[in-house]
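For chain A, the structure is supplied; the task is to place chain B with the ligands on it using the hints.
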Amino acid sequence: MKAYDLTELAVRNLRESGLRNSLTTVGISVGVASLVAMLSLGIGLQQLASRRLQKSGLFDTVVVMSRRDLRSFNREPQNSGPAPADSPMLDETARQRIERLPNVREAYPDIRFITELRYEDKPHLTMLAGLPFSAKNNDAFDGMQGKFFSSETAPEIILQKAFAEELLGKRPQPGADEVKVTELAKPLLGQELVMRYTERVENPGGPKRVPRAGESRLTASNQVNDLPQASYSVFLREQKLKIVGVSDLDPDSMRGAARARVFLPLKLAENLRVMQPTNLRDTSRGLGASPTYATVSVRVTSPKYVQSVEDAVRKMGFNTFSITDATRNLRQFFAVLDLFLGIFGSLALAVASIGIVNTLVMAILERRREIGIMKALGASDTDVKKLFFAEAGAMGVMGGALGVALGWVIGRVINLGTNLYLRRQNFPPEQIWAVPWWLVAGAIGFAILVSLVSGMYPAGRAARLDPVQALRYE
Amino acid sequence: MSSGSQSGQNGPIAVSTKQVCRHYRMGETLIRAVDGVSLELRPGEFVALLGSSGSGKSSLLNLIAGLDRPTSGSVIVRGGDLAALSREALAKYRLRTVGMVFQSFNLIPSMTLMENVELPMRFAEVERDQREGLARKALDRVGLSTRLRHRPAELSGGEQQRAALARALINRPQLLLADEPTGNLDSHTGTEIMELIREFNQALGMTVVMVTHERALAERYVKRMIFLADGKLVGG
Ligand SMILES: Nc1ncnc2c1ncn2[C@@H]1O[C@H](COP(=O)(O)OP(=O)(O)OP(=O)(O)O)[C@@H](O)[C@H]1O
Ligand SMILES: [Mg+2]
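So the protein lines, in turn, are chains A and B.
To get the working numbering, take the position in the first sequence, counting from 1, and add 87.
To get the working numbering, take the position in the second sequence, counting from 1, and add 1414.
Just chain A, with the same shape it has in the complex (with noise of 0.2 angstroms):
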């Protein structure tokens, strides 16, 4: 029989007995929804929790370290590169040809310094990071209260909310109430506090350079000895600096002791040219009056090509440090998740199954005598299997696409439930749940399959019926 009499004759077959095959179609649809419902939460989840990783900037960043630096010597040897003292210095050339790898979003220097802020004539040592105006993404300033840095290079500061409650004189008392962060930012945004740091001027060809006037000076020079000319003046300075937000969260990737509390834009420290740790080994070491980074991080397109990126890095004698592909990790956690919320789904599918076998068995009951006319007619067994098969098929095709439809509602309701009560806790609401095409095409597949394989039994069973006697049957 050709395709469109079977599904023809399928079609009319199962109007027939609609109610039936309705109430059929609705089982398998149920279990289709409860698949589709089950995978679109746990793909929304995965969605949601690799778009977090994505922002939390962990995941695509490669920390650039030149093998000169201490922290390197002690690191298990790489012995692909050059030794420490030949390797290249970690300078602005160098970053410049770090950011212009492929797959490269951006290389910037690592600018960090303990120094004195007053706020109100009190003086508060803290430790400031320079930030890249592309943090601005960066997840730790969704619930930032104020605003970010106005300009690459404005005079302002985002203050962590530690250091807050320290400019505020509020310590935070063990057993009480944490002070929201809305409390802290209304005194003291677009407060204005000073900063004093001390700048490095490079001695322009030796002579020591006269301090502008009014300055204290200190000179750090080593033309003693008529060693290679290197020689910078420290100057102390002051800088006016305003705070534009106060963050809940901490945007630093940096733990420890170095770990800083106030950011001001990265443009900003370095044209501040704000004398680093660094300065003085490499000082000490005879280079060149170019400054050195300590590190250059590295931001990749994507997590994916943090590898690639930090091989081609280390080929240029660098050290590089990144933390592995965590995306890989919790791409395994989702396919597991993924496979049990998709097994629980199924069991209602499974449920919807047996129903179609029921539903055609009777089919067979009631319509031995049609059989074995169409028999008589001189349809083969396997006309009358495709039959069923296509009764079978074209209830999964209507169930497995009502079934979407409906677990594609049920996934909005979740969605909508969960951000009402997100909204309810104050936290900005999230997109839990996903669709993608080819749940689609899969769930309406799985649907028709399963139909299908419910359907052999009933369909066998029809075609190996034995005409005589079911037109003998009255």
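Incorrect hints may appear among the rest.
As the list claims (entries may be wrong) - With a cut-off of at most 30 angstroms between alpha-carbon atoms, the simulated DSSO-like pairs for lysine-lysine come out as follows:
#1 A/LYS472 <-> A/LYS223
#2 A/LYS89 <-> B/LYS1432
#3 A/LYS223 <-> A/LYS257
#4 B/LYS1506 <-> A/LYS89
#5 A/LYS391 <-> A/LYS329
#6 A/LYS472 <-> B/LYS1506
#7 A/LYS327 <-> A/LYS223
#8 A/LYS329 <-> A/LYS209
#9 A/LYS273 <-> A/LYS234
None of these hints come from the bench; they were simulated from the model.
Chain B with the ligands in isolation, oriented as in the chain A frame:
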């Protein structure tokens, strides 16, 4: 397979059975529904199969129709033994070579007359656009051109049997097997059906085997009568 109006005039024998048996085992007892029947039918012949109830007429007809397989013996159609055919090939034989009508009409109740007549053409994979015309013509020939869209339940018994005849002949079989086609009809309507069958037999040259109880009716239309008793041939 040739389906054809060329009723096989070339072969002297259309159908023959050789010592064909169909036994049913019912627990301890063996029912010999057909018990060693040998007969020969010539192409274009119109034969009546008579006998009392339970004599095995339907059983024999089903064997010739390829709906059932003999316990022993053979059914030979145009030189080929049906026993040699696979289930699929036997279905094809029923589709192309045999047309059947029954006492209880056996139209599919959920289908209109058109759809009923079209059904064998679906199995024969006749193109969709040809089917409608052919079905219409077949129903027209049995005088049902105004009832195309009716379902069987909306028709009289005679009309239903005429539709069944149209359906049986739609694939132009060489062999028409009718199991008491007038059994459920009054004598007037029964005569109408017999006229139709005779017309097809003569016009299309097809071989007809008709089971009947009514000897008088058979004598009016049929040249040869075969008598069965207890599954065996008995002299007429
Ligand atoms: N499936 C079966 N199982 C057991 N016995 C059967 C079966 N089919 C037919 N028989 C028996 O075979 C015998 C012949 O039956 P068949 O239907 O061929 O008779 P018939 O001549 O057509 O009778 P009727 O004129 O009543 O239609 C009967 O005795 C019947 O009981
Ligand atoms: Mg009978």
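Here's how the hints hold up against the structure:
Taken as a hint, the A/LYS472 and A/LYS223 pair is broken in the structure, with Cα atoms around 64 angstroms apart against an allowance of 30 angstroms. Taken as a hint, the A/LYS89 and B/LYS1432 pair is broken in the structure, with Cα atoms around 37 angstroms apart against an allowance of 30 angstroms. Among the hinted pairs, A/LYS223 with A/LYS257 is consistent with the structure: their alpha-carbon atoms are about 28 angstroms apart, no more than 30 angstroms. Annotation: proposed proximity of B/LYS1506 to A/LYS89 holds, straight-line Cα distance about 15 angstroms (limit 30 angstroms).
With a C-alpha separation of about 38 angstroms, the suggested pairing of A/LYS391 with A/LYS329 is violated against the 30 angstroms cut-off. Between the alpha carbons of A/LYS472 and B/LYS1506 the distance comes to roughly 16 angstroms, so the proposed pair stays at or under 30 angstroms and holds. Annotation: proposed proximity of A/LYS327 to A/LYS223 holds, straight-line Cα distance about 22 angstroms (limit 30 angstroms). For the proposed pair A/LYS329 and A/LYS209, the alpha carbon gap of about 16 angstroms is at most 30 angstroms, so the pair holds.
Straight-line distance between C-alpha atoms of A/LYS273 and A/LYS234 comes to about 13 angstroms, which keeps the hinted pair within the 30 angstroms bound.
Of the numbered hints given earlier, the model fails hints 1, 2 and 5; all others are met.
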